[in-house]
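Could you slot chain W onto chain Z? The hints should help.
Chains as they are written, first to last, in full-length UniProt numbering: chain Z, 1 to 384; chain W, 1 to 384.
Among the hints, a few may not be true.
In silico SDA-like links for lysine to any residue, alpha-carbon gap of 25 Å or less [claimed, not checked]:
(1) Z:Lys-314 - W:Gly-79
(2) Z:Lys-121 - W:Asp-340
(3) Z:Lys-314 - W:Asn-275
(4) W:Lys-314 - Z:Leu-53
(5) W:Lys-314 - Z:Arg-201
In case anyone wonders, no lab produced these hints; they're calculated from the structure.
Number of protein chains: 2
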Amino acid sequence: MSVTAAKGFTAAGIAAGIKESGGPDLALVVNDGPRRAAAGVFTSNRVKAAPVLWSEQVLKGGEVTAVVLNSGGANACTGPQGFQDTHATAEKAAEVLDGHSAGEIAVASTGLIGLLLPMDKVLPGITAAAAALSEHGGEKAAIAIKTTDTVHKTAVAGGEGWTVGGMAKGAGMLAPGLATMLVVLTTDADVEAPALDTSLRAAVRTTFDRVDSDGCMSTNDTVLLLASGASGITPEQAEFDRAVQSVCADLARQLIGDAEGASKDIRIEVINAANEDDAVEVGRSIARNNLLKCAIHGEDPNWGRVLSAIGTTKAAFEPDRLNVAINDVQVCRNGSVGEDRGLVDMRYREVRITADLAAGSESAVIWANDLTAEYVHENSAYSS
Amino acid sequence: MSVTAAKGFTAAGIAAGIKESGGPDLALVVNDGPRRAAAGVFTSNRVKAAPVLWSEQVLKGGEVTAVVLNSGGANACTGPQGFQDTHATAEKAAEVLDGHSAGEIAVASTGLIGLLLPMDKVLPGITAAAAALSEHGGEKAAIAIKTTDTVHKTAVAGGEGWTVGGMAKGAGMLAPGLATMLVVLTTDADVEAPALDTSLRAAVRTTFDRVDSDGCMSTNDTVLLLASGASGITPEQAEFDRAVQSVCADLARQLIGDAEGASKDIRIEVINAANEDDAVEVGRSIARNNLLKCAIHGEDPNWGRVLSAIGTTKAAFEPDRLNVAINDVQVCRNGSVGEDRGLVDMRYREVRITADLAAGSESAVIWANDLTAEYVHENSAYSS
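One chain only, chain Z, in its complex shape (with noise of 0.2 Å):
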C-alpha cells in the first residue's frame, strides 16, 4: 500500500550500483494519467541540494510525469556538476519514458553530503527502473530509497473509489522545516495542482514539520503530491484534506519510530498557549533539549528541564503558572514540585509530555526521540 496504492501510477525500486552495499537505491514512480498534477513542499534550509532546486522549478509547473529517487547519495554541497547530474537524470527519465519533457521530472535524492553521484550508475538504472515499472511496484520503490531507515514505510487513506497512497524515508537529521525526508504520495482523485498544494501544504504544517528527532534540518527534504485523476471522482476540499492530512500524520509518526539510535518517541503536547507559534516554539525548545532528552532516555521524568527549556522561549507565560504531566502524572504545579515524580512510568516507548502555559487556549504536538549512545554511536561513524 505504498505510491501504487492509487490508480494511475506505476513504480519500481531497484539496485543501480550507487551504494556500496549492492542494496535497492533507486526508485522510480511514474504518473500514467489521465491528469499530471502536483504539488512539492522542500527544505527551508538554504543550503539545498541539487535535486531540490531542480525539483523546485519543475514543481512550479504543476505538473509531474516521474519522480526518480535515489539512496546512496544526497548529490548535496555538489556545485555546477552536481545539477548537471540532476539534470541528465531527468533528461534520462524523459527519455525512456516517450513523449516527455524533462521540465515534469521531479528528482530527489539521499545519503551523503559532499560526494557527486556515480552516474554511469544512475543512468542506466533509470532505464532498468523504467522496464520494471509495475502497478504493484509501490513497495520495492518505498523499499529503494531507504538509508539508515530500518523498515520501509508506507500508508494509504481515502474516500469512495479515491485514495491516496505513500511512502517516506527518513531517519536522522528529522527536524522542522521536514528532515532528511523523502516523500511521495500519490492519489487518484481528480484535484488539479492549486488544490494539491493547499492540501499538501496544510498536512506537512501538521505533520512532517512538528517531528523533531534530532533538531538538524537536511539539504534535501522533500515532499511530493501527484494526481492522477484515474478515479474520475473529485472530493470535496475537506475530505481530500483529511486523507492526505491522514497520510502524512501516518508517514511522519513511522518516522520518529524508526529515528537513528533512539529508544523513546516523546510526545510533547504544549496546551493554553497565547496562540499556536507559541505553542509550536515552546514545544520545539523542550524537543530540541539534549539534557531532558537524555533524561528521558533514562527514565527519569525531569521536569525541571522541561521548566529551563520552556524559559529560553518568548512565549507568553508566567513561570509559577506552568504545569507539567509526563505520562499523565502532573509532576510540576504552578511552577513548583507537583505529584510524586515516583508516579511517572516510563517503561514503553511512547512518553507523553504537556506543558500548560496557562496563557490561553491554543495548542500543539511536536513529536521528538530521546538522545541515546546509540545515536551518538551511528552519527559519529556514518559520514554523511
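Below, chain W without anything else, positioned relative to chain Z:
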C-alpha cells in the same frame, strides 16, 4: 589564585551536609572593603531560581558585602518556600557578618532543580563558613561550588598593584545566556559599580555567553564581580576591562574543557560575516548541531553538516560562496568539495572549525563540545 587573589577579600569553603556525598558544598566570599561595589549578570532563562531572583534585587543596589554559594541543590522551581529559604540564607549571613544587612548579601545555588534546600544544614553551614574565612580561602571556596565538575576552576589577571581573581563552576548545561555556571570575580582595584557593570557585561558577552556546550540554558547562572578598592588604585577603564575579559575568557575556556562527557573542545570561528549578530547566530547554529557534534566525536571532518547548520540561519550568505576549514584544511570551497578531507588531523582534543560566510568583515568565536555516549550516560543518570 581564586577570589582571594585580590586584597580585601576572605573566603571559605566547607562541607555543610547539603550534598549526600558529604563533600564540600557551601562557600562564602566576603568583601572586607573599604569599597563594596559590585556588578552582576544573571541567566536570561525566564524560569529563574530563587537565588537568582534574590541576587538580581541585591545587585540593583550596586553593593555586595558577601556572597553565599551552595552546591547540592539549585533551589529552582521551588515556589514561595524556595524564595523564603534564599532570604533566610542572606539574613543568616548578615547576622554572622556583623553590621551588614541582608540586602547586601548575594546568594547563588547549583544542583538539582525542584528540590528544597535542607535549611537545617545550610544555616549552620553559614556560621561554620564564617568562622573559617581566610585570606587564603579562595581555593576551598572554588572547590565547594563544584557539582559534576572534575576540577575546580580559578583564574587571575591584573595590572601594576591591582588584581582581578575569580572562580567558576559549570560542567553541563553550558549555553548562551550563561550556563549552569556560578562565577565570582573579585578585584582590589578601586572601581565604582557602574564601571564594574560596564566591564563585566562587555566581558561576559564575548566569553561566557559564547560558550555553548550543549545548547541548554540553566535557571541559576550567576556571574558576580566585587570590588574592594583595597589596592587604592583605579586603573584606566580599558586596562581594567582587559583584565576582567582575560579572567572571564580563561574561566570560560576551563568550563568547556571540563564539560560533562566531552572528548573534544570545538572552537568555531565565523568570519567575513555581514555583522557580528550574523556571526554569532551562525556560530551557535553550528555549535548546536547534534549530527556535527557526533561527527566531531568520531573525528570525522564532516563539513556537509556544517553547511546544513549554516543553512538553517537567517544570516546573510550565498550557499555557493561558503567556505569551511576544519583544523586549517579547507574542506569546503564555494559551497562544494574543497581540499581532501583525509588531510584533516583530528586526534587532539581541540578542534577548530572556520566558517567563512563571504558576506562582510565581522567575526565571532563560539566554543562548543562534541556529543558523546558519556554525555548521554551522565545526563540520563544524573537527575537535575
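Exercise. Verify the proposed pairing of Lys-314 (chain W) with Arg-201 (chain Z), using a straight-line Cα cut of 25 Å.
Key: Distance of about 22 Å is within 25 Å: holds.
Quiz item: Within 25 Å, alpha carbon to alpha carbon, are Lys-121 (chain Z) and Asp-340 (chain W)?
Solution: Roughly 24 Å between the alpha carbons, so the hint for Lys-121 (chain Z) and Asp-340 (chain W) holds.
Quiz prompt | Pairwise hint evaluation, Asn-275 (chain W) against Lys-314 (chain Z), where the allowed Cα distance is 25 Å at most | solution = Within the cut-off at roughly 23 Å; holds.
Practice problem: Could you grab the alpha-carbon distance between Lys-314 (chain W) and Leu-53 (chain Z) and see if it respects the 25 Å cut-off? | Solution: Roughly 19 Å between the alpha carbons, so the hint for Lys-314 (chain W) and Leu-53 (chain Z) holds.
Self-check item: 25 Å limit on alpha-carbon distance, applied to hinted pair Lys-314 (chain Z) and Gly-79 (chain W)
Solution: At roughly 22 Å apart (the allowed maximum being 25 Å), Gly-79 (chain W) and Lys-314 (chain Z) satisfy the hint.
Going through the hint list in order, the structure satisfies each hint without exception.
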